[in-house]
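Q: Construct all of the structure, not just a fragment, from the sequences and the given hints.
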Amino acid sequence: MLGLNKKDATLLLLVAILALCAPFILNPFPEGSALAQFNAGYPDLMQRFVIFGIFAIGFNILFGLTGYLSFGHAAFLGVGSYSAVWMFKLLSMNVIPAIILSMIVSGLFAVVIGFVSLRRSGIYFSILTLAFAQMSFNLAYSVLTPITNGETGLQLTLNDPRILGESATADGSIPVTNLFGLEMRSTFQMDVGAWLFQFNVGYYLCAFIMLLAFYLSLRIFRSPFGMMLRAVKSNQQRMRYTGLNPRPYTLAAFVISGMYAGLAGGLMASMDPLAGAERMQWTASGEVVLMTILGGAGTLIGPVLGAGFIKYFENIFSKINDNVLHGWFSFMPDGLEDFVVGIVHPFIGKGWHLTLGILFMLVVIFLPGGLVEGGQRIARALRKDKSDDKSNAKSNPAE
Amino acid sequence: MDAFILQILNGLDKGSAYALIALGLTLIFGTLGVVNFAHGALFMIGAFCSVTLSKLLNLSYEVVDPTKKDFLGRPLVEKHTYIESWFGPETGAAIIDWSVPLAILFSIPIMIGIGFVMERGLIKHFYKRPHADQILVTFGLAIVLQEIVKYFYGANPIPTPAPAAFTGSFDFGTMLGFDPNTVIYPYWRLVYFSFAALIIGAVFAFLQFTTFGMVVRAGMADRETVGLLGINIDKRFTIMFGLAAAVAGLAGVMYAPINSPNYHMGMDFLVLSFVVVVVGGMGSLPGAVAAGFLLGILESFASMNEIKSLIPGIDQIIIYLVAIIILLTRPRGLMGRKGVMED
Chain A
76 MLGLNKKDAT
86 LLLLVAILAL
96 CAPFILNPFP
106 EGSALAQFNA
116 GYPDLMQRFV
126 IFGIFAIGFN
136 ILFGLTGYLS
146 FGHAAFLGVG
156 SYSAVWMFKL
166 LSMNVIPAII
176 LSMIVSGLFA
186 VVIGFVSLRR
196 SGIYFSILTL
206 AFAQMSFNLA
216 YSVLTPITNG
226 ETGLQLTLND
236 PRILGESATA
246 DGSIPVTNLF
256 GLEMRSTFQM
266 DVGAWLFQFN
276 VGYYLCAFIM
286 LLAFYLSLRI
296 FRSPFGMMLR
306 AVKSNQQRMR
316 YTGLNPRPYT
326 LAAFVISGMY
336 AGLAGGLMAS
346 MDPLAGAERM
356 QWTASGEVVL
366 MTILGGAGTL
376 IGPVLGAGFI
386 KYFENIFSKI
396 NDNVLHGWFS
406 FMPDGLEDFV
416 VGIVHPFIGK
426 GWHLTLGILF
436 MLVVIFLPGG
446 LVEGGQRIAR
456 ALRKDKSDDK
466 SNAKSNPAE
Chain B
293 MDAFILQILN
303 GLDKGSAYAL
313 IALGLTLIFG
323 TLGVVNFAHG
333 ALFMIGAFCS
343 VTLSKLLNLS
353 YEVVDPTKKD
363 FLGRPLVEKH
373 TYIESWFGPE
383 TGAAIIDWSV
393 PLAILFSIPI
403 MIGIGFVMER
413 GLIKHFYKRP
423 HADQILVTFG
433 LAIVLQEIVK
443 YFYGANPIPT
453 PAPAAFTGSF
463 DFGTMLGFDP
473 NTVIYPYWRL
483 VYFSFAALII
493 GAVFAFLQFT
503 TFGMVVRAGM
513 ADRETVGLLG
523 INIDKRFTIM
533 FGLAAAVAGL
543 AGVMYAPINS
553 PNYHMGMDFL
563 VLSFVVVVVG
573 GMGSLPGAVA
583 AGFLLGILES
593 FASMNEIKSL
603 IPGIDQIIIY
613 LVAIIILLTR
623 PRGLMGRKGV
633 MED
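Chains as they are written, first to last, in the working numbering: chain A, 76 to 474; chain B, 293 to 635.
None of these hints come from the bench; they were simulated from the model. Check the hints yourself; a few may be wrong.
[Unchecked claim] Covered, in the sense of this in silico footprint (three residues per stretch, anywhere, with C-beta under 8 Å from a C-beta of chain B), are these stretches of chain A:
hint : stretch
1    : 406-416
2    : 432-438
[Unchecked claim] In silico lysine-lysine, DSSO-like type, Cα no more than 30 Å apart, as pairs:
hint : chain 1 : residue 1 : chain 2 : residue 2
3    : B       : Lys-361   : B       : Lys-371
4    : B       : Lys-416   : B       : Lys-371
5    : B       : Lys-360   : B       : Lys-371
6    : A       : Lys-425   : B       : Lys-361
7    : B       : Lys-420   : A       : Lys-425
8    : B       : Lys-420   : B       : Lys-347
9    : A       : Lys-394   : B       : Lys-371
10   : A       : Lys-308   : B       : Lys-442
11   : B       : Lys-360   : A       : Lys-308
The beta carbon of each residue, even a glycine, is placed where N, CA and C say it ideally should be.
A: Given below as structure tokens:
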């Protein structure tokens with residue numbers, strides 16, 4: 076199916092089902108119940124899941140396949156956001172031209188940066204990409220203010236031209252982003268008993284694009300081109316000796332992943348039409364590195380998992396406060412309860428980054444393959460147990 | 293001419309911070325071959341050592357003085373710091389005033405301890421793993437250290453004043469024959485620069501003139517041979533890691549009065565000091581120092597109004613621009629050696 080073997084097709088199908096049913100899956104707890112705060116099925120968060128999923132998939136094409144660790148990928152995300160917002164300001168509020176422009180601009184940007192940075196490898200490459208990203212960030216804050224609107228961030232206003240659209244709606248407000256008239260923010264709500272499910276147009280657009288992006292990365296992973304990228308990672312020297320020049324391949328991978336980042340940026344602006352320079356800062360680049368590694372670099376599903384994992388816990392963990400904790404541990408005797416809450420306190424709420432940092436270190440130390448490797452290990456251990464049981468039943472191994 | 297000198301002076305203090313951090317980074321890289329992204333966090337911890345010491349020295353107890361009344365008519369509650377009651381009011385006040393320089397003594401054991409724990413507990417296990425893994429795990433460590441500091445000290449910068457004797461500025465202009473008030477330079481920045489020069493000199497002297505330093509240099513050049521000669525090079529490299537941590541910490545301690553410490557100052561400096569190390573050449577100590585001062589001074593020149601009006605925005609990007617140009621024209625940096633980081 077679609078040029079995939081059976082295993083990959085199943086994976087794609089699985090991701091598709093997960094993405095389509097996300098409003099159900101992420102909302103397992105009834106409204107108003109004590110666990111409702113763990114629900115993640117609201118449009119804003121679901122959009123972020125898939126958008127960062129796209130970003131991480133793209134990053135993984137570069138880092139997972141070629142092993143080049145870019146510390147400046149957020150620059151492409153920022154450039155994508157800016158170009159999308161400009162499209163909204165100048166052309167129309169339709170998201171399609173905005174997304175296309177953001178991919179083209181970030182792709183061109185990636186060609187320039189990649190052409191220069193890929194002349195070096197290893198840590199030098201990381202530093203070069205970091206330098207370029209910081210340069211763009213600093214410029215966006217200072218000199219490029221006419222284009223980026225500096226610290227305030229680029230926003231829509233009532234007197235933007237919008238040639239193909241309207242500057243302002245009939246009631247004098249700024250028009251909203253749409254897909255041929257279908258508003259991004261419109262949400263269909265479904266009440267099923269105590270549950271409230273929300274189906275958001277913007278989310279489904281992002282999810283659809285994420286599926287396309289995922290499919291493309293699947294094809295890249297399985298293609299001869301993907302094989303070449305792996306060759307770059309495993310042994311460039313040998314690749315050169317066989318008469319192949321690694322640079323065009325790495326540049327192509329860099330540009331593709333830059334365009335993925337631009338796409339994510341464009342989608343981000345389509346969901347919420349503003350763009351700020353802080354999206355380009357190197358901490359944002361660090362975030363996508365965290366997502367990819369946490370999920371599992373070089374695996375197909377890993378980056379998506381990592382992005383979802385980080386965004387979910389970022390939202391949920393930071394909402395938990397001491398009162399909630401006291402509620403959970405209220406079954407304990409008073410002194411013990413306060414003690415436990417005191418211990419957990421630094422890791423929740425504003426301390427979420429501490430938890431993330433520790434988790435990330437543990438993953439790098441013990442599970443270099445990320446969550447995917449963890450899952451595989453568990454699966455293998457389970458299978459081993461089963462097969463051990465069988466063999467034990469048949470014969471007693473001499474030991 | 294006077295503006296020229298002023299910019300050089302302005303560049304020196306930032307340049308010395310870059311040089312000190314980069315020195316430690318490249319020392320760790322040259323000895324252990326580890327890319328340490330947590331080095332900026334060590335700088336930050338150093339700065340918070342001086343915050344901690346000044347807080348400790350300001351610990352006080354309350355005394356109720358029934359003979360005096362405050363404006364609400366209640367007995368007056370007076371705060372006395374312990375230090376003042378132990379050492380007498382004058383000595384005590386002087387000790388509190390000099391808390392930042394005293395923090396140098398306070399921070400050295402702490403920083404060396406942190407360095408040891410980091411190396412033995414974590415980084416030791418990453419010698420054989422790829423550089424990308426080292427970068428990632430130390431990046432995670434940097435986040436953790438930063439968040440711990442944030443938890444205890446809050447997210448806002450904490451002002452930590454220099455001793456009263458060093459407030460005010462020094463008029464260089466009159467000394468060199470310019471008009472008064474054209475080239476003025478705060479005393480503390482002068483102190484910082486001299487301190488940095490002293491530390492850099494001490495590190496170089498230690499490596500150049502002691503037997504220990506000689507062994508370490510030999511180990512940097514060829515680790516295996518030194519090991520074959522029956523020297524426990526690992527132990528010495530661990531000590532060097534502690535030393536590098538102490539250098540970064542001291543840079544932070546003394547930097548506290550220049551910029552009030554906040555929890556993300558380490559990350560801000562880390563990015564720049566990595567650029568400095570790469571410009572100077574990975575693993576080259578003189579390169580790191582030279583590049584640190586060079587970039588610091590270039591940065592302050594680029595922030596001159598004349599140059600900014602010529603090339604807008606240059607002050608924001610000059611360091612990165614120089615780094616890109618140098619990396620592309622001199623792949624090993626200014627003074628990099630052959631064979632370092634080239635596999």
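Q: Work down the list of hints and note, for each, if the structure agrees.
A: Hints, one by one, checked against the model:
| no. | hint | verdict |
| --- | --- | --- |
| 1 | 406-416 | violated (count 0) |
| 2 | 432-438 | holds (count 4) |
| 3 | Lys-361(B) with Lys-371(B) | holds (14 Å) |
| 4 | Lys-416(B) with Lys-371(B) | violated (48 Å) |
| 5 | Lys-360(B) with Lys-371(B) | holds (14 Å) |
| 6 | Lys-425(A) with Lys-361(B) | violated (43 Å) |
| 7 | Lys-420(B) with Lys-425(A) | violated (35 Å) |
| 8 | Lys-420(B) with Lys-347(B) | violated (42 Å) |
| 9 | Lys-394(A) with Lys-371(B) | violated (39 Å) |
| 10 | Lys-308(A) with Lys-442(B) | violated (38 Å) |
| 11 | Lys-360(B) with Lys-308(A) | violated (78 Å) |
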